[in-house]
Each structure stands twice: as C-alpha cells, then as structure tokens.
Amino acid sequence: MDNEKVGHDVALRSARVYLPLSLGAGGLFYLAATLTGDHTLVARMGGAVWVTLLSLIVSMPIVTSRVKKSSRA
Amino acid sequence: MTETSLALNVPVEGMTCASCVSHVEGALRELPGVSEVTVNLATGKASLALEPGRSSLADIQRAVADVGYRIPIAEITLDVRGMTCASCVAHVEGALKELRGVEEAAVNLGMGTARVRYIPGVATAGQMKRAVREVGYEAQERSAGTDALDRERQAREEEIRRQGRNLLVAGAVGLVVMAGTFYDMLGPLQRLVPVWLSYKWVLGLLTTPIVLGPGRQFFVHSWRGLRHGVTDMNLLYATGIGAAYGIAVINTLFPKAGFGGEGATFFESAALLTAFIVLGRWLEALTRGRTSEAIRKLMKLQPKIARVLRGGTEEEIPADEVEVGDVILVRPGESLAVDGIVREGYSAVDESMLTGESLPVEKKAGDAVIGGTLNRTGAFRFEATRVGKETALAQIIKLVEDAQASKAPIQKLADWVAGHFILGVHMLAIAVFLFWFFLGYNLFFDPQSSFILSPYKLGEIGVFGFSLLLSVTVLVISCPCAVGLATPSAMMAGAGKGAEHGVLFKGAEAIENTSKLRIMVFDKTGTLTKGEPSVTDLRVEGVAREGRSPHRMSEEQLLQWAAATEKNSEHPLGEAIVRAARTRGLPLPEPESFNSIPGLGVEAQIDGRSILLGNRRLMGERSVTFDALLPEAEKLEADGKTVMFVAVDGSPAGLIAVADTLKEHSAEAIRRLHQLGLEVAMITGDNRRTAEAIARQVGIDRVLAEVLPQDKAEEVKKLQRSGKKVAMVGDGVNDAPALAQADVGMAIGSGTDVAKETGHVILIKDDLRDVVVALEVAKATMRKVKQNLFWAFVYNTLGIPIGAGLLYPALRVVVSPELAGAFMAISSVSVTLNTLLLKRFVPSLGRPARPTHPVGLAVDQLPASAAAGE
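So the protein lines, in turn, are chains A and B.
Residues 1 to 73 (our numbering) are what the first sequence spells out, left to right.
Residues 1 to 870 (our numbering) are what the second sequence spells out, left to right.
Only chain A is shown next, with the shape it has when bound in the complex:
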C-alpha cells in the first residue's frame, strides 16, 4: 500500500514536469518550422507530434527517476 501511494505521488509530480517539457519541445519545433521555410501544415503538425512524442520518451524516465530520488531524500 505504502509503495503504491508513494508511486502514485511520484508519477503525478513527474508528469507535471515532463509533460510541459515535451509539449514545449513540440511547440518549439512547430514555431521553428513555421519560421524557417515553406513547410506544409501537415509537415509542421506531424513533426511537432513526433518531436513531442520522442521528447516525452526521453524526459519521462529522467524526470521520474529524479523525482523518485528527491522523494526518498
């Protein structure tokens, strides 16, 4: 029970960090693609989604493990 409670708390706190980070990366990509060429809307949107997804995959474990460490400290 205790482990589950702690786990849930960590997941929530982590999501508050990695979700904005990933969405920010996707948004940044969209902005850059819009400003730097004549990319179609589909390419910009698709690229933003792909960058967001990969950023999420990268940031999730990093952030989660840091939050876990800080919660244990």
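Do not rely on the hints blindly, as some may be mistaken.
[Said to hold, decoys possible] Derived pair list, reagent style DSS-like, types lysine-lysine, alpha-carbon separation capped at 30 angstroms:
no.: 1; chain 1: A; residue 1: Lys68; chain 2: B; residue 2: Lys412
no.: 2; chain 1: A; residue 1: Lys68; chain 2: B; residue 2: Lys97
no.: 3; chain 1: B; residue 1: Lys717; chain 2: B; residue 2: Lys765
no.: 4; chain 1: B; residue 1: Lys297; chain 2: B; residue 2: Lys364
no.: 5; chain 1: B; residue 1: Lys129; chain 2: B; residue 2: Lys389
no.: 6; chain 1: A; residue 1: Lys68; chain 2: B; residue 2: Lys129
no.: 7; chain 1: B; residue 1: Lys97; chain 2: A; residue 2: Lys69
no.: 8; chain 1: A; residue 1: Lys69; chain 2: B; residue 2: Lys45
no.: 9; chain 1: B; residue 1: Lys300; chain 2: B; residue 2: Lys765
no.: 10; chain 1: B; residue 1: Lys725; chain 2: B; residue 2: Lys839
no.: 11; chain 1: B; residue 1: Lys786; chain 2: B; residue 2: Lys839
no.: 12; chain 1: B; residue 1: Lys724; chain 2: B; residue 2: Lys779
no.: 13; chain 1: B; residue 1: Lys717; chain 2: B; residue 2: Lys779
no.: 14; chain 1: B; residue 1: Lys364; chain 2: B; residue 2: Lys765
no.: 15; chain 1: B; residue 1: Lys530; chain 2: B; residue 2: Lys839
no.: 16; chain 1: B; residue 1: Lys45; chain 2: A; residue 2: Lys68
no.: 17; chain 1: B; residue 1: Lys412; chain 2: A; residue 2: Lys69
no.: 18; chain 1: B; residue 1: Lys389; chain 2: B; residue 2: Lys45
no.: 19; chain 1: B; residue 1: Lys300; chain 2: B; residue 2: Lys398
no.: 20; chain 1: B; residue 1: Lys389; chain 2: B; residue 2: Lys725
no.: 21; chain 1: B; residue 1: Lys725; chain 2: B; residue 2: Lys412
no.: 22; chain 1: A; residue 1: Lys69; chain 2: B; residue 2: Lys129
no.: 23; chain 1: B; residue 1: Lys786; chain 2: B; residue 2: Lys530
no.: 24; chain 1: B; residue 1: Lys129; chain 2: B; residue 2: Lys300
Keep in mind that the hints were calculated from the coordinates and are not lab data.
Based on the hints, put chain B in the right spot on chain A.
For chain B alone, kept in the frame of chain A given last:
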C-alpha cells in the same frame, strides 16, 4: 502517527527477554521521524510509524544492530518472463529496488530470473511480483529442484510456441504484402500474383492483422512501461512499426495529406519489420535456453522417487519426502535419491556427473554415497544423512545457479551502457529528424533514391515522411539487444561448462577474475603434495652378518626390519615405513622388545637381532659409523627428504628416506600453468631447504617458505601489491584467510560438501589439473564475452550512422526500417550462437568431459551384465 507516516512491521532477531524489547524500543525511538514503537518479543517484531525522509530503513537496521540485534534479510528468486534486453534488466531491477524493504535486486536476463534480498514483512513476494508486472513483465516465485526445471522448460516452450505462431502469421502475410507492394517489379512472376494484391487498401487490410496480432506485444509492453516512466526495446519497435503503419494508413486514406501520398505507403515496412523482430524473438527463445543446459542436466540428476524401508516394509515415496535416518534401497541402474552412508550391500557407483571422476567408485558398508549419482552394479541399502537442500547435488545446483545469476563487473558496465542507450537513441532520433527536416531534405533529397537492397524508390515522399523514415530507422537499428545478451549468455555457458568438469565458480566475478590471473600460489602440504610422508628411497650399506656368515642385505630385508621395529610406533615417519612394507606385502614379525628414544629414534629386538633406527645423532651416540652412505644421505637431505639410519647388531645396515611426495598431477598442472604464462609460487610453513626441494621437482618459480598459517594471507597481500591478480590454491580449511585474501581463492579437493568451502572457485576433485581447467574455462568464457560485446557494439556503431542517413548524400540510399529490423535480429542471434560454441570447449589437458547419463534409467535399459549385478 501523521498522515504521511508509514506503518512498518519489522522482524528483529536475537531478542530473548523483556530487556531486549526495551533496548530495541529505545534504539528505535531515538531515531528522528520514528514514533509509535512497539516491540513484541513473542512474535519477534517491531511495529513503528516512520516519516519518510527523516529516517530510512537503513537507519532502522543500524539502530537495531547498534544495540546488538539484527533485522534478518531474506532472499527470493523470481522467474521473470518477457525480458528481452539489458534495459528490461534495468527496469525490473529498478522496480524491485524501489520497493520499501528491498535491499538488493539482481536480474539475470539469460536465465530470466530476479534474485531479491529483502526484509521480510516490510517487502513481500506479492509486492515484488506486482512491481514487476507493473513495468510490463510477468513474475512468479521460483520453486526448487525439478519443479523449477519443469516450470522453466514449460515457460520456454510456451514462448517458443507463441513467437513461432507470431512468426508464421507475420512471415507468411508479410511475404504476400511484399509481393503486392513490388507487383510492378515482379517481371515473369507477375502472373502468379493477382493484381488486386497491389491495391493499397488491400495491403492495408493484410498488414493490419500483423500489426495488431504479432506486433501487439510491443505496443502492450511499451504502454505498460511508459505508464511507469520506463522505456525499453519494445518502445523502439512500437514506434518503428507504429510510425510506418500510421503513415501508410494516412497516405492510403488521405493521399493528399502531404505525407508522401500513395508513393509512400510503407505497409510492407510495417509488416516485414514486425516479421523480422518476431523472427529475432523466436530465434532467441530457441537458443537462449540452451546456454543454461548445464543446470538443467544437474537438475535432471535428481530422481523423483525413492524406495525406503519404513516399518519393515518397502515403500516408494517422492524423493523430497525422504527424511534423515530413512533407509533407502537401491537396485542396479537406479539413481540415488539423497546423500547417505551405505549400511548393507556392495556396489560400484558412477559419481562422474558430480565429481568428474570417470571410473565407478566401489561402495561397501560405511562408505558415503551422494544423491544424484548412478548405481551401476550391485544392490545396497543406505541411510540418508543429508536430504533436500542439504544434499551435495542441491548445493552444487545452488552454487551454479548463483554463479549464473550473478553479474561480473564487465556485465554491470554493459548493462549500464545498454540501459542508458535507449534514451540516447531517442535523443539521436530527434536529432536525425531535426537535421533531415530542416537541412538534409532540401540539400540532398533525390526522388530517384531508394532503399538498400530494394528497388523501391522514395519518389514523392515529403520532408516530414523522409525525416520520419530515417528517424524511425535509427530507432530500430539501434536496438542494443545483442549488448544485453553478450555477457550473461557467455557467463551462464561458462559456469555450466566449469560444473561439467567439477569446477564450481562462486559467481560471475570469480570467472572474470580467474581469467585475469597472473600469479598462482599453491599451498604445499596437501595441495601440491599428498600431505603425508611416504618412503621414497632405500639404500643398503652392503653387508650384514647373519650368524657367523656375512651376506648382502636386500632392500626388502632392510625395510622389513625397519617396519617391524616401527610396528608399534605412532610417529608419522614410522607409520610411513610400516605402510611401505605392507604395500610390498612384507610380513612384519612382532618385536621381542621395543624402546622409543625421544627425539632420536627407536630400538627393538627382532628374531634375536638388535635393530636401531633413528637419526644421525642416535647413530653417533651408539658409535655406529655410516661413512660409506653419508654422501648419499646428504644428497637425499638436500632434496628435502628426511633420512633415517638403520643399524643391525651395531653395524650400519642402510638408509631409509621419507618425504611428503608430490601428488600425481602436480608437475603436469604447473607445466601447463607456465605455458599459459602464469608465475607459480608455493607457500609453506616448512623449512626453506625442504620447500625448495619440492619446488625444484615441479618447477615452482617462487618459494615462500617458513610462513606461519596465520601469515599466509599477508604473503598473498604482498604479491597483490605488484598489481597482478593473485590466486591462492589450498585445501579450503587451513588456508581460509589466504583464500579469502586472494583475488581468486581456489579450494581444492573439497569433495561434494561445497557449501562449507571458503574460496571463489571450488574444485570438487583432488586433482591439481582442475586449476588449469578453471583457468581455461574462465579464459574461454571471457573470450566469448569480449567477442560478443565487440560484435554487438560493432553492429550498433556501424548500423546507427548508416541508419541515420550518413551514406545518403553520397550514395542516395537509405536503410529501410524492415532491413534495420533484420539486422537487429541477426545481431542478437549471432551473439547467442557464438556463445553456444563454448559448448564445444575441451580443457587442454585432454581429459574427456564426464559423460552424461540418461535420467531414471530403468534396470531393463541397462546392459544385461549390469542389470544382473555382475
């Protein structure tokens, strides 16, 4: 208790009275953040409320230990299914280590096990299984012996069947999808393929069941992992397959969407990528189990049934129900259920499967027998002395399992690299996507470019489709499965190969350290030598008088008289002389009188003659001069032998030299160690002259003489200061501190009571050549580890840049995701196959590996002579 505090129920060992309770309670109450402490003496438990962050479980353990008690640590092994790579190892370990109360978790990818050390009551097996399941794997407690074997085999067979079914579906339908995709290029074969098969929506309909069927496992595992913030190989596959399939569906349903249109429907990529990944999984499942064959062979030795005598009647009961003291009946051809002592009967028992001893060993009343060995000829009864986990077979299995489950330093590094690799690859995939999206496409894209090994043109693919394609290819081609398998598969095979030859490594670190040894230190007495003196030389003075007529005395006569004189002596040198006479079959007359002269020798009257036997000083005192034999005596003494002088009726008769003799294979083993480039040293408490004499005989490079037993460890430490890895070979009892101090301690001739042995490597037989076997097995294993790691990293090092499009500007070709999937499958299968070559390893000293025997061999399956007990 505050809202955030945790209720803990911790077991405490060592409490015997009420004051213990108050000590423990007091110690716990002093910890910050600990409240509501109640210690129960009857249950041996401490209940408390803990505020996380203020004190930890380690603080609690320390506090309890400080007042003289102990929080016990339990160990459990879980069978974990679904792990495919080193990052899976990291995830499972991480999930287990995060549990409160878990001290240590070591996951073995090759064996599919997790060994967990935990505080019982704080962490439970149920929590561990749930934690493993939550990160996407299946876990269950491992049961002992044959049950574990059956379960493991069933699990492996089920995995092979499952991936086989997946492969059949993905492979067959994938080929049809490929034929439809390349319809225009089929040439004369076009007649065999209906045109409708090339329609995009038909290809989509065919690919969908592949992605949702055989490919579903990757999405399910990825999702389970992602929910808990972990990423693994499955995510690489899922993103690869998902991206290829998603783009293909969009381009089929909405060709104007700008993702490359109908020219970029990668249905065949999604289908074949799935097929290749499943092919890799299937081949891995087929080959991986074979690296742990040794443990299965050992487990199979355990018979399931024992025939015991209870209440005067014969009963067949399950072997694990045999109790100490039970009398067990064994017929020819049957395996022994447990360890024991023969009480009645006579037979020859084949112990080769456990000790490596190739010849059957004769057994009579009073002899010890080992469970799992095979009775060859006669029938006998024995009394069980060790059952269940205490038997030699169970101890050996445990030792080999522990070795296979442990991690070598090199493996820890490889796991760390592979575990962090996934994140690195995803970062690289972002970089590749950004490069091709913003720069590469405009600079280099050519619609006529194609995939490697494919006539398929990229055509009208847009900037997003092209960048995504390369990004996905990087994800797929980077899979570090091979890196994760490289070390554990070789370690498992190596530990098993050692056990086959009676060499038990206590952990993968022992294998790695053994392979790096530069100095081998042997204990002298009992290790290099037999440890008991024996007669080595006899020299006759020339003439002895019998009555009035002189005649030449024979060596037999000299030995006979000396032995008869020493017949009642308990001195080791005297016993050696008596033993030598008896070995030669000489009758020993009873002395008419006997007198022991302390520190000098003995004298006796035999057949009316006065025999004097002793050292030079005794002969001097009795004025017997040995002028003619003195040079010979000095030469023998220079060889480290103890010389005894024999006088008959006051005249010199001859010399008898006694020495601790070398074991049969000592010289051969040391010669081979020299060939392997090792420096060989000998350590002994003996005087330097004796030690050097022995050293000369076997070719020892360095002699450490006159070293007291308690100083041996210090001598080993001195050798280690040179920076070289040092092994100490000893009998495992007297040499325990030195064995522990050495980088590798080898306990030799331990027999089968392996659990009690000190040392990192246990050599079951008393054969020094097994030191060489240990060294060669370790070197062969580490060679395999290095080869595997080399090929695994070469694959990734070459594959990733090519996958990222490095060759595209020059050659206008890219690697398709399905080809990347095929490369990935080949790399992990090639690593496993390379490891399997270790099964062919044979030690250089040329002894055949011990034979393996069919299990549960029935009497009627034996040769007629054996069955008849001839």
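For this session: State the violated hints by number, sorted upward, taking the hints as numbered earlier in the document.
Result: Of the numbered hints given earlier, those the structure breaks are 15, 20, 23, listed in rising order.
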